[in-house]
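There are 2 protein chains.
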Amino acid sequence: MSKTVEFFFDYSSPYSYLASTQIESVAQRTGAQLRWRPFLLGAVFKATGNIPPASNLHKARYMLQDLLNWTRHYELPDFRLPDSFPANSVKADRLGLVAQEKGKLPQFTHALYRAVFAEGRDLSDLGVLSSVLGQVGLPPAEALARAEAQEIKDRLRKNTDEAVERGSFGAPTFFVGDDLYVGNDRLVFVEKALRSQRR
Amino acid sequence: MSKTVEFFFDYSSPYSYLASTQIESVAQRTGAQLRWRPFLLGAVFKATGNIPPASNLHKARYMLQDLLNWTRHYELPDFRLPDSFPANSVKADRLGLVAQEKGKLPQFTHALYRAVFAEGRDLSDLGVLSSVLGQVGLPPAEALARAEAQEIKDRLRKNTDEAVERGSFGAPTFFVGDDLYVGNDRLVFVEKALRSQRR
Chain A
217 MSKTVEFFFD YSSPYSYLAS TQIESVAQRT GAQLRWRPFL LGAVFKATGN
267 IPPASNLHKA RYMLQDLLNW TRHYELPDFR LPDSFPANSV KADRLGLVAQ
317 EKGKLPQFTH ALYRAVFAEG RDLSDLGVLS SVLGQVGLPP AEALARAEAQ
367 EIKDRLRKNT DEAVERGSFG APTFFVGDDL YVGNDRLVFV EKALRSQRR
Chain B
217 MSKTVEFFFD YSSPYSYLAS TQIESVAQRT GAQLRWRPFL LGAVFKATGN
267 IPPASNLHKA RYMLQDLLNW TRHYELPDFR LPDSFPANSV KADRLGLVAQ
317 EKGKLPQFTH ALYRAVFAEG RDLSDLGVLS SVLGQVGLPP AEALARAEAQ
367 EIKDRLRKNT DEAVERGSFG APTFFVGDDL YVGNDRLVFV EKALRSQRR
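Note that the protein sequences, when read in sequence, are chains A and B.
No gaps in the numbering here: position 197 of the first sequence is 413 in my numbering, and each next residue is one more.
No gaps in the numbering here: position 168 of the second sequence is 384 in my numbering, and each next residue is one more.
No wet-lab data here; the hints were simulated from the structure.
Some hints here could point you the wrong way.
It does not matter which identical chain is meant; a pair holds if it fits inside one copy or across any two.
[Claimed, not checked] Mimicking DSSO-like on lysine-lysine, the simulated pairs with C-alpha atoms at most 27 Å apart in a straight line are:
1) K262 x K275
2) K275 x K374
3) K307 x K408
Isolated chain A, as found in the complex (with noise of 0.2 Å):
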């Protein structure tokens, strides 16, 4: 069995934006598959009990300054909060699972990841998310009933479950075989955890 990166992220997540634009490269540089796993934040938080970090005003506060570091540090446009932040994920989540039976997950997810955090754009806005699919090459009215499948809606549960039962308490959650990591700031911990494995 070839080593694997699970990334556990959602569409609302700011941190895990800031780490899908480097998860691919990290497992370039270790010679890692890696697995796109959109999961429901909303969901993780009500199953363990843990509060968004920006619940906490002087942490919201703070949380806007660490963003814009965190986007120069790695030469992203700057960050940019959406006047709906946080917005309703379900439905863009969904349609990551969508986009993945397509063969077109990482692509939806950086498009839509900057629409919302480089653009500041709504993502539960049915318009935002119809022009993402566009520009991934996905017909939107064809991918947003699919969103509502329930084999889809199932599957999203599913990946929530499992990282909740395997320790996750927020996004983004990676996994190196049983050993989870969270948040973008301990991606060096994942990639020195895949250096130390072998294929």
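Let chain A serve as the given structure and place chain B on it in line with the hints.
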């Protein structure tokens, strides 16, 4: 004025312990002055409505592994959580200020953190505190008496209030000028900020 990094820390905070093992090198590498500033983390949480990360059970379980990852990354003795965690740190923090009056704050800090987070000792125990004071050449009885002086109590409160006023909500907290950085995992940004400043 020479460039300076301020390091606010509390003896009950394991992530402050981690940062305390690195901050002198960061200051040295960047030619910055380092100001060690004990503060009372419990009072910071109270003032800001923030909660300790380990209050959540799922997070607490992960934190133990995360702290072990960090001590291995920094090549320190394996992290050890004292049975007494989280212990009341007010006496220890005041002793830090007493050590500072004697020019021994860094030595006292390294010795106390090692006792607590590498050896699992109870930082609220007078025997532990006395032993650490002795190790760094401070007569324990005298230091413990001085720690009860109003001037010392006020100094700890002043450090704490100032940190909160400037945006702190947790530990460790760093300032480079007015720029706030929170967490051992933000030392990379602290170092970048110091490098980008002229003397």
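Evaluation of the provided hints:
1. In this assembly of identical chains, the alpha carbons of K262 and K275 lie at most 27 Å apart whether taken from the same copy (20 Å) or from different copies (14 Å).
2. Proximity of K275 to K374 under the C-alpha cut-off of 27 Å is restricted to the inter-copy arrangement: shortest distance 21 Å between copies versus 31 Å within a copy.
3. Taking the closest pair of Cα atoms, K307 and K408 never come within 27 Å of each other, the shortest separation being 34 Å inside a single copy and 39 Å across copies.
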